[in-house]
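*Asks:* Combine the two chains into a complex, taking the hints into account.
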Amino acid sequence: MARYELDDDGVVVIIGSGAGGGTLANELAQRGVEVVLLEAGKHLTAEDFVNDEWGGYEMLSWLDKRTASGSWRVAKDHPTAPSWHCKVVGGTSVHWSACCYRFIEDDFRARTVYGDIPGTTLIDWPLTLAEIEPWYDRAEAKMGVTGTNGLPPLPPNNNYKVMRAGAAALGLTVSTGRHAINSIPYDGRPATIQDGFTITGDKVGSRWSTLNVEIPRGLATGKLELRPESRAVRIEHDAAGKASAVVYVDAAGVTHRQKARAVVLAGNCVETPRLLLHSASARFPNGLANGWGHVGRHYLRHIVQTVWSLFDKPVNMHRGELMAGLVTDYVRHDPSRGFAGGYLIELNSMGLPTTAAFLDPGWWGRDFVSVIEQYRNMAGIFMTGEDMPQADNRVTLTDELDAYGVPVANIHYDDHPNDLKMRSHGYKSLTAIHKAAGAKRSIEAPSYPASHNLGSCRMAQRAEDGVVDGYGRAFEVPNLFIADGSNFASGGAANPTLTIVALAMRQAEFMAEQMAAGAL
Amino acid sequence: MSAPPIAHKDPKMPPPIALPEGADWAGALGVFSPGVAETLLVAARTLYPHDGLPERVYRRVVAHLDRMAAASPLAAQGFAEFVDLLDGAFPLPFIELSEGFRVQVLKRVEASAPFRLVQRSTVRFLYDDIEVWEAFGYEGAAVHLGGYVNRGFDDLDWLPEPPAPAV
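If you read the protein sequences in the order shown, they are chains A and B.
If you want the working numbering, it's the 1-based position in the first sequence plus 586.
If you want the working numbering, it's the 1-based position in the second sequence plus 7.
The following block holds chain B by itself, in its conformation from the complex (with noise of 0.2 Å):
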C-alpha cells in the first residue's frame, strides 16, 4: 500500500483535466491538432526536464494551453506561431531533434513573444499540477484540513530552536 497523499487541492478548485492515456490523448483537445499538440508537449518537457515527472503531467500542461487558445485568438496565434518558429529553426521537424538541438532552437527563439507566452504558460500550469505539489513536497491547501498549526507548521529540527519569543 503506498503512503497517503500530502498533496491537497483546495475543494472549491477544479479537478486536474482527464485525458486518455494512450497514444490517441491529442484527439481530446478541442483546438490543437495532435501534432501541434506533440511539438508543444516536447517544448515543456525540453524547457522544463524533470526526468522524475511521467508523461500525463506535461499532457495536461498542453491541455490547459488548449484551452487557452480556444478562449482567445491572439493566444491560439501565438501557439501557432511557436510551432512554426520551432519547426522552422532546423532541417527536422522539433521532435525529432536531439535534447541538445531542442535546447539550442529554444534558445535561438528565447526573445520572441511566442516563447515568452508558452515559456510563462508552461511555468504557470506544471507547477500548479497536484502531482507535481505531490512530487516535489508542496503540499498545498490546509484550511479545510485544519491548517498546519497542528501538522508541523513549525516541525523543522535539524537547527537549534529559537527562544520564546517575548511578549
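Just chain A, same shape as in the assembly (with noise of 0.2 Å):
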C-alpha cells in the first residue's frame, strides 16, 4: 500500500469507500493517479463477519444519529434512523443485495417524458443511455454480473419457486434477474452457497464489493493508501476557491488535515450533502457547491416496499440468495397506469428477526402473532421504483452537534401524490403475483429506513439546475466531485448500484484524462 503525508497536494482524496469512492479509487490508481482513501468505519473482513440478522445490522451500518421530518412512514417508524447505509471499508457494497439492473433510456430523460408534474422538479440527465452503455459493459464485466458476458442466472429458490408461480399465471416476463453474486466461480471469487446472508457481509466472497474486488486491486497497484476510521469532518478551500484539504478524525480521536489535488465526496446521499453544508465559509456562506441552492435537495429513497404472504405450505424463504427473482413489466413510463415512472419487481427475503421487525413496527397482538408464526410457510416479493424530485425533500443541519463536532444531519420528505400512485398499483401488483400462487393472507409492508438514497447532490446540464455536471464535478468548485448516488439526475426505477459503479467509472476516467492535460 501506498503511504503519502499529510501536506502531499498531489494526492486525489476520497471520502468513502462504498460502490462509488471505493470503484473509483481503484479504477484511478489503475491510471497511475495517487489516491488517499478514508472511510470512517473499520477495515473488516470475512472473518470478521457474521451469518445474524442484527449483528450483522449492528456490525456494518451508519448508527450516527440523524432525524426524520416529513409525511413519509419512514418518520414515524424510524425517526432517528430513516436512512440505512453502511460504516465500513466497502460501504454499503457490503451489505447490497447485488440486484444489477440497468437504467432505461426514458429514465435519462424523466423530465422530457413524464412532463411538466406539479410539485415536482423532474430534470433530465446531462447524459444518455448511449453514453453510459460503454460503462454498464465494463461494469457488468468488473463485478461478474448474471446473465451477462456468458455467466449463467442465480438458480431459482424457493421463494422465486412463488413468485415465479403466480407471475407466470398471470401472464408477466420473470427469470431470476441479474446480481453480482457468482453463480459458477469467476474471477477468483467462489460460487454461492446459498446462505442466505449477502446482507451481514458476505463471508464467502461470491458477492462482488468494492472491500472484496476494487479495494485490494487498488492497494496492489501502490497508488492507492486506505485510511479506515478515518471521519471526514469539513472540505477546505483555497484563495482560488478550489478544494485544497479534507479535515477528518482519526480512530484515536486526533484530527489531521490532509491536502488535495482534487476531493471526492462519496459518504453515501446523506453524508455527501451534509459534508458540503458544513464546510460553509465565508466565500461559500451555503455551503461548499451550493451556490445555487441544491445541496441537499431532491432528496429520493425510491418507492421500496415488500409484500410478505402465507401459504398453505414450507417456503423457507431464508435459504438462498435473498433477491434473485425480476419481473420486468411494470418499468416503463405507461400514463395510462395513473401516474409517472415505472417499477421493477423483485424477491425479498429475511430472516426471521428483521422480517418481525419490519413487517410493519408498530403492529402487535394476535392478529401479528398469528402471521409471524407461520414464518415457515411465508414469501416475499418487493419492487423498487421511481419517486417523484422535490424541492424540500431534503437534508438539512439541525442544532445539534455530533461527537465530532458537526451537525447531525435531518432528512425531510414528503410523499408526493405521483409516489402514492404507484405505491398502491404496486402493492397490488405485488400481492396479485403471490395470489395467483395460492396466498392464503398477503400483509402490505412499508419502506424499511431508505437503502436506496439518491438525488441529494444531483447532476444536471445547466448550473442553476444542480450540484455537478455530468461526470459528478461540482459547477461551483473545479476539483470538487460527487461519485455516490447523490449525483444522480433523477431516480429511475432500479436498483442504483450497477449505475453508481458505471458513473464511477466514466468519472476515473474523466478525471484522469483532465489531470493528463493539466486541467485538474
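Rather than coming from a laboratory, the hints here were simulated on the basis of the structure.
Please note: incorrect hints may appear among the correct ones.
[Unchecked claim] Derived lysine-lysine pairs resembling DSS-like cross-links, with alpha carbons at most 27 Å apart: (1) A/Lys1007 / A/Lys1026; (2) A/Lys662 / A/Lys628; (3) A/Lys628 / A/Lys845; (4) A/Lys1007 / A/Lys899; (5) B/Lys16 / A/Lys828; (6) A/Lys662 / A/Lys1014; (7) B/Lys114 / A/Lys628; (8) A/Lys662 / A/Lys899; (9) A/Lys1026 / A/Lys1014; (10) A/Lys1007 / A/Lys1021; (11) A/Lys899 / B/Lys16; (12) B/Lys114 / A/Lys662.
Note that the structure is a prediction, hence the values are computed from the model and not measured.
*Replies:* This is the structure we're talking about:
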C-alpha cells in the first residue's frame, strides 16, 4: 500500500469507500493517479462477518443519529435512523443484495418523458443511455453480473418458485434476474453456497463488493492508500475557491488535515450533502458547491416496499440468495396507469428477526403473532420504483452537534401524490402475484429505512439546476467531485448500484484525462 | 429421542442469556426489581402472545431489557415510565389484569415513547431468540454448515418446477 504525507497536495482524496468511492479509487489507481481513500468505518474481513441479521446490522450500519420529518411513514417508524447505509471499508457494497439492473433510456429523460408534473423538480440527465452503455458493459464484466458475459443466472430458489408460479399464471415476464453474485466461480471468487446472508457481509465472497474486489486491487497498484476509521468532518478550499484539503478525525480522536489535488465525496446521500453544507465559508456561505441552493435537495429514496404472504405449505424463503427474482412488466412509463415512472418487481427474503421487525413496525397482538408464527410458510416479494424529486425533500443540518462537532442531519420527505399512486399500484401487483400462486393472506409492509438514497447533490445540464455536471464535477468548485448516488439527476426505477459503479468508472477516465491534460 | 434442532446461531454470536428456572428468576437481573421484571414479562407476553412458547423465552427478553437499562439511563427511565403508565391505568396492577384489560391498557398508551421503546425492544429480542427460531421454522446461520445449497434452498415441491434459466 502507498503512503502519502498529509501535506502532499498531489493526491486525490476520496471520502467514502463504497460502490462509488471504492470503485473510483481503484480505477484512478489503475491509471496511475495517487489516491488517499478515507473511510469512517473499520477495515473488516470475511472472518469478522457473521450470519446473523442483527449482529450484522450492528456491525456494518451507519448508526450515528439522524432525525426525520415529513409525511413519509419512515419518519414515524424510524425517526432517528431514516436512512440505511454502512460504515465500514467497502461501504454499503458490503451489505447490498447485488441486484444489477440497467436504467432504461427514458430514465435519463424523466422531465421530457413525464412532462411537467406539479410539485416536482424533474430534470433530464446531462447524459444519455447511449453514453453510459459502454460503462454498463464494463461494470457488468467487472462485477461478474449473472446473465451477462456468459455467466449463468442464479438458480431458482424456494421464494422464486412462488413468485415464478404467480407471475407465470398472470402472463408476466419473470426470471431470476441479474446479480453481482457468482453463480459459477468467476474472477477468483467462488460460486454462492446459498447461505442467504449477503446483507451481513457475505462471508463466502461470491458477491462483488469494493471490499473484496476494488480496494485490494487498488492497493496492489502501490498508488492507493486506504485510511480506515478516518471520519471526514470538513472540506477546505484555497483563495482561488478550489478544494484544497480534507479535515478528518482518526480512530484515536486526533484531527488531521490531508491536502488534496482534488476531492471526491462518496459518503452516501446524507453524509455527502452534510459535509458540503458544513463546509460553508466566507466565500461559500451556503455551503460548498451550493451556489444554486441544490445541495441536500431533491432527495430520493425510491418507492421500495414488500408484500409478505402466507401459504398453506412451507416456503423457507430464508434459504438462498435473497433477491433472485425479477418481473420487468411495470418498468416502463405508462401514463394509462395514472402515474409517472415505472418499477421493477424483485424477490425479497428476510430472516425471522427482521421480518418481525419490519413487517409493520408498530404492530402487536394476536393477529400479528398469528402471522409471524407462520414464518416457515411465508414468501416475500418486493418492488423498487421511481419517486418524484421535490425541492423540499431534503437533507439539512440541525442545531444538534455530533461527537465530532458536526451538526446532525435531518431528512425531510413528503410523499408526492405520484409516489402514493405508484405505491398503491405496486402493492396490488405484488399481492396479485402471490395470490395467483395460492397465498392465503398478504401483508403490505411499509418501507424500511431508505437504502436507495439518491439525488441530494444531483447532476444537471445547467448549473442552476443542480450541483454537479455529467461527470460528477461540482459546477462551483472545479476540483470537487461527487461519486455516490447523491449525484443522480432523477431516480429511475432500478436498484442504483450498477449505475453508481458505471458512473464512477466513467468519472475515473474523465478525471485521469483532465489530470493528464493539466486541467485538474 | 427428539429431532435434532433446525435453528443455528452463528458460532461467533453470544449464547442465550442463562436465567434460573424457578420463580426467583428476576433475582438474577442487574437493574430491574422483581416487580418491574414481572410487569415487563407480562407486557411482553400480552404484546406477543405466542401460546406455544415457554415462559423462559419471555424472561430472556426481559433480561435483554435489563441489560439495556444497565447500559443507558435513558432506557432505564423509559422502562420505569412504562411500568408506571401500565400500573396507573387501572384500579389494579397490570399483572393482575385479564388479557382483555391488559390489551386495553396497552392500546391506551400505544402512542407514548415508553410504549414504543418496550414494543420495539421486545420485537428485537423475542424474534432473535433461537428457541423462537426453532418454533417458527427459521434456520438461521448457514455458512458454517455449508450454506443451503445442499440443504434445501430449492426443495419447494408443491408448485411447478421453473424451467432451467437460460444464459
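*Asks:* Against this structure, judge whether each hint is valid.
*Replies:* Verification of the hints:
Our distance criterion of 27 Å between C-alpha atoms is met by A/Lys1007 and A/Lys1026, whose separation comes to about 25 Å. Proximity of A/Lys662 to A/Lys628 is assessed by CA-CA distance (about 31 Å); at most 27 Å being required, the pair is judged violated. Annotation: proposed proximity of A/Lys628 to A/Lys845 holds, straight-line Cα distance about 22 Å (limit 27 Å). With a C-alpha separation of about 33 Å, the suggested pair A/Lys1007 and A/Lys899 falls outside the 27 Å cut-off, and the hint is violated.
Between B/Lys16 and A/Lys828 the alpha-carbon distance is near 52 Å, which puts this suggested pair outside the 27 Å criterion. Proposed proximity of A/Lys662 and A/Lys1014 is supported: the alpha carbons are some 24 Å apart, at most 27 Å. The suggested pairing of B/Lys114 with A/Lys628 is violated, with an alpha-carbon distance near 42 Å, which exceeds 27 Å. Taken as a hint, the A/Lys662 and A/Lys899 pair is broken in the structure, with Cα atoms around 34 Å apart against an allowance of 27 Å.
The suggested pairing of A/Lys1026 with A/Lys1014 holds, with an alpha-carbon distance near 15 Å, which does not exceed 27 Å. As the CA atoms of A/Lys1007 and A/Lys1021 are separated by approximately 21 Å, the hinted pair is consistent with the 27 Å bound. Pair hint A/Lys899 plus B/Lys16 holds up; C-alpha atoms about 25 Å apart against a cutoff of 27 Å. The suggested pairing of B/Lys114 with A/Lys662 holds, with an alpha-carbon distance near 17 Å, which does not exceed 27 Å.
When the structure is compared with the earlier hints, violations turn up for hints 2, 4, 5, 7, 8 and for no others.
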